[in-house]
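**Q** In case you want the letters, here they are:
2 protein chains.
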Amino acid sequence: MRITAVIMAGGKGERFWPKSRTRLPKQFLSLTSDKETMIQKTVERLKGVAEPEDIFIVTNKIYEKLAHEQLPQIPAENIISEPCGRNTAPCIALAAAVIEKKYGGEQIMLVLPSDHLIRYEEMYTDTLRQAIAVAESGQRLVTIGITPTYPETGYGYIQFERDTTLGMRGVYQVSRFVEKPDIDTARGYLASGKYLWNSGMFVWKTSTILMNMNKLMPEVYSGVVEIADKFGTDEFAVALSDGYEKLPSESVDFGIMEKAEEIYTIPGSFGWDDVGNWLAVERINSTNDLGNYVEGDVITIGTKHCTICGGKRLIAAVGVENTIVVDTDDAILICDKNHTQDVKKVIENLKICNRAALL
Amino acid sequence: MRITAVIMAGGKGERFWPKSRTRLPKQFLSLTSDKETMIQKTVERLKGVAEPEDIFIVTNKIYEKLAHEQLPQIPAENIISEPCGRNTAPCIALAAAVIEKKYGGEQIMLVLPSDHLIRYEEMYTDTLRQAIAVAESGQRLVTIGITPTYPETGYGYIQFERDTTLGMRGVYQVSRFVEKPDIDTARGYLASGKYLWNSGMFVWKTSTILMNMNKLMPEVYSGVVEIADKFGTDEFAVALSDGYEKLPSESVDFGIMEKAEEIYTIPGSFGWDDVGNWLAVERINSTNDLGNYVEGDVITIGTKHCTICGGKRLIAAVGVENTIVVDTDDAILICDKNHTQDVKKVIENLKICNRAALL
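Chains as they are written, first to last, in the numbering used here: chain R, 1 to 359; chain U, 1 to 359.
These are calculated hints, taken from the structure and not from any lab test. Heads up, a few of these hints could be off.
Where chains are identical, the list cannot tell them apart; a pair therefore holds if satisfied intra-copy or between any two copies.
Straight-line distance between alpha carbons at most 25 Å, and here's what the computed DSS-like set of lysine-lysine pairs gives [claimed, not checked]:
1. K304 to K351
2. K35 to K47
3. K19 to K312
4. K337 to K304
5. K19 to K230
6. K12 to K246
7. K35 to K12
Can you build the whole structure from these sequences, using the hints too?
**A** Laid out in structure tokens, this is it:
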């Protein structure tokens, strides 16, 4: 079986405004000190697992050019441009159908977000290889779980139990998927030792996911098969453009994972971070003795526990605490660390006021 | 007697960085919503009290051009440029000597800072007229005191007592001048009803202040008489440049007011503010329901009790409280309201690093 990978890169990254913008979202930026962007690193860390010609990118059509520019090693036809966002289920189903059209059935398919951080790449690829082994061995859906380190309320959780069927070390059966919990529930999950974070990374055979799609989301299944049938021909772009927006918008978690059978999870401990909002910057970069992370031209006086990302101008922070400051050419964000989720309200405000240049 | 006014405009306004800079200090800026700068307003509010040709500006030579540009109605020779700062005593003594050289002795002289806010201009000019009447009536030094409204620790105070000699309503004798108090002492002053804020505004005859200078600061007296003797001639600039820096640096409060006799004060209640640091901006402008004062392109989400002065770019403040944000083309200040005095540490840092462009 061929090992293929599908990288989902349609996200808008609104929580990283003002650095991420509608036309340049998070996955096409570097939020670490690396020169490479997050999607470039996502492709690179598949080295030894999947060949570049077997990597597929599903992104929004407005990012198509960016994807081609940043990933010249990926065959052009492997970059699939959604005319509109339809959440993860149609995206994954289409990719599976395209892979079967291109290579025939029964290929292994890794599904990976394009904007997560992985610190320990060797452990990551080892985990993927183990997931591939499970997926190859039957009609199984494998999800990579993350061992929680604190009671995060921004992630979904996976409840697992000891596997009684496969007899493979480090593989567990999934009892259920749960939505983002409140803080007390999250503390309980952490204390129980029975829950993992849902990373949104999946491994299965194309035939397995398409069989489940056919059964649980037949409308999505028939839609993507029709579109994928034109893959590799001049008619594909039109079929995609016409057919995709008719598909229902649904997540693979809700549409498939919460309802399907034979779901397994492999707990990964490879320094994962979903880089979900500006708070991630201090987690993934080292802070100084005062708890500050600063980049660019910054003077701090009596300033503690701040993340300050300078642009072209000097930023002087005096007596500031627990605050995130991000400067760009046309906008500056100053955000209390307890209010990072409200950055989206700035974007709502800009949309209402038709200030497209700032979005 | 001619009513002359001396406006002191040599200050650097470092506490208003980044808006005020070494080459464009506070008095030459507008910090209110007015178009006029603070020094222009200082001159304007003398209308009906002193004629423009009788107004003198003492400023640093690096601000000479700004003063001529902003105050075209003032005769060029009345703009006196100090080669270096020597505090208020030499500045006032030189101005007094110049006025006597130009107009002969016994002129009334108002001494006024260039960077204070006055809300009620009619009450202000009435107070000045009363001070002029006291100054005219003898060899008296009159200081304008301000009725305190809260226990400010950043000002000097004037202790006053009932006048038993002049018999003029609203005029009091000064018992003593006191330096900036600590907060408990300031609370005691406020409660006692026996103290006024020292505004740094004075009224006297040129002969009175020069007599006191001759007696209490003879070195300053002889120095400024020698310089002023060249006023109106081609030699004045050289005399000023050579002679001024030899004068000792001293305030008129310490050098004269704390030691002289026949000192009177007139309490003014004309909406005075010394606009001493960024906290003044919210005092002199009206804040909205959330306690914010914003100007420019600003979006606030969950933000309270902030002063945000935007520049050319959008500022988005999310969940921020008690903070001052000031944006300019090349620098942005983010300062907790309890740390406004530390803005000068930013300037020290910039000086140490030889970053003259930002000073």
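**Q** Hint by hint, note whether the structure agrees.
**A** Right, here's what the structure says about each hint:
Proximity of K304 and K351 under a CA criterion of 25 Å is satisfied inter-copy only: 23 Å between copies versus 33 Å inside one chain copy. Taking the closest pair of Cα atoms, K35 and K47 come within 25 Å of each other only inside a single copy of the chain (18 Å); across copies the shortest separation is 63 Å, beyond that limit. Taking identical chains as interchangeable, the C-alpha atoms of K19 and K312 lie at most 25 Å apart whether they share a chain (13 Å) or sit on different chains (17 Å). In this homomeric assembly, K337 and K304 come within 25 Å of each other (Cα to Cα) both inside a single copy, at 12 Å, and across copies, at 15 Å.
With identical chains, the CA atoms of K19 and K230 are never at most 25 Å apart, being 37 Å at best within one copy and 61 Å at best between copies. In this homomeric assembly, K12 and K246 come within 25 Å of each other (Cα to Cα) only inside a single copy, at 21 Å, whereas the closest approach across copies is 66 Å. In this assembly of identical chains, the alpha carbons of K35 and K12 lie at most 25 Å apart only when taken from the same copy (21 Å versus 42 Å across copies).
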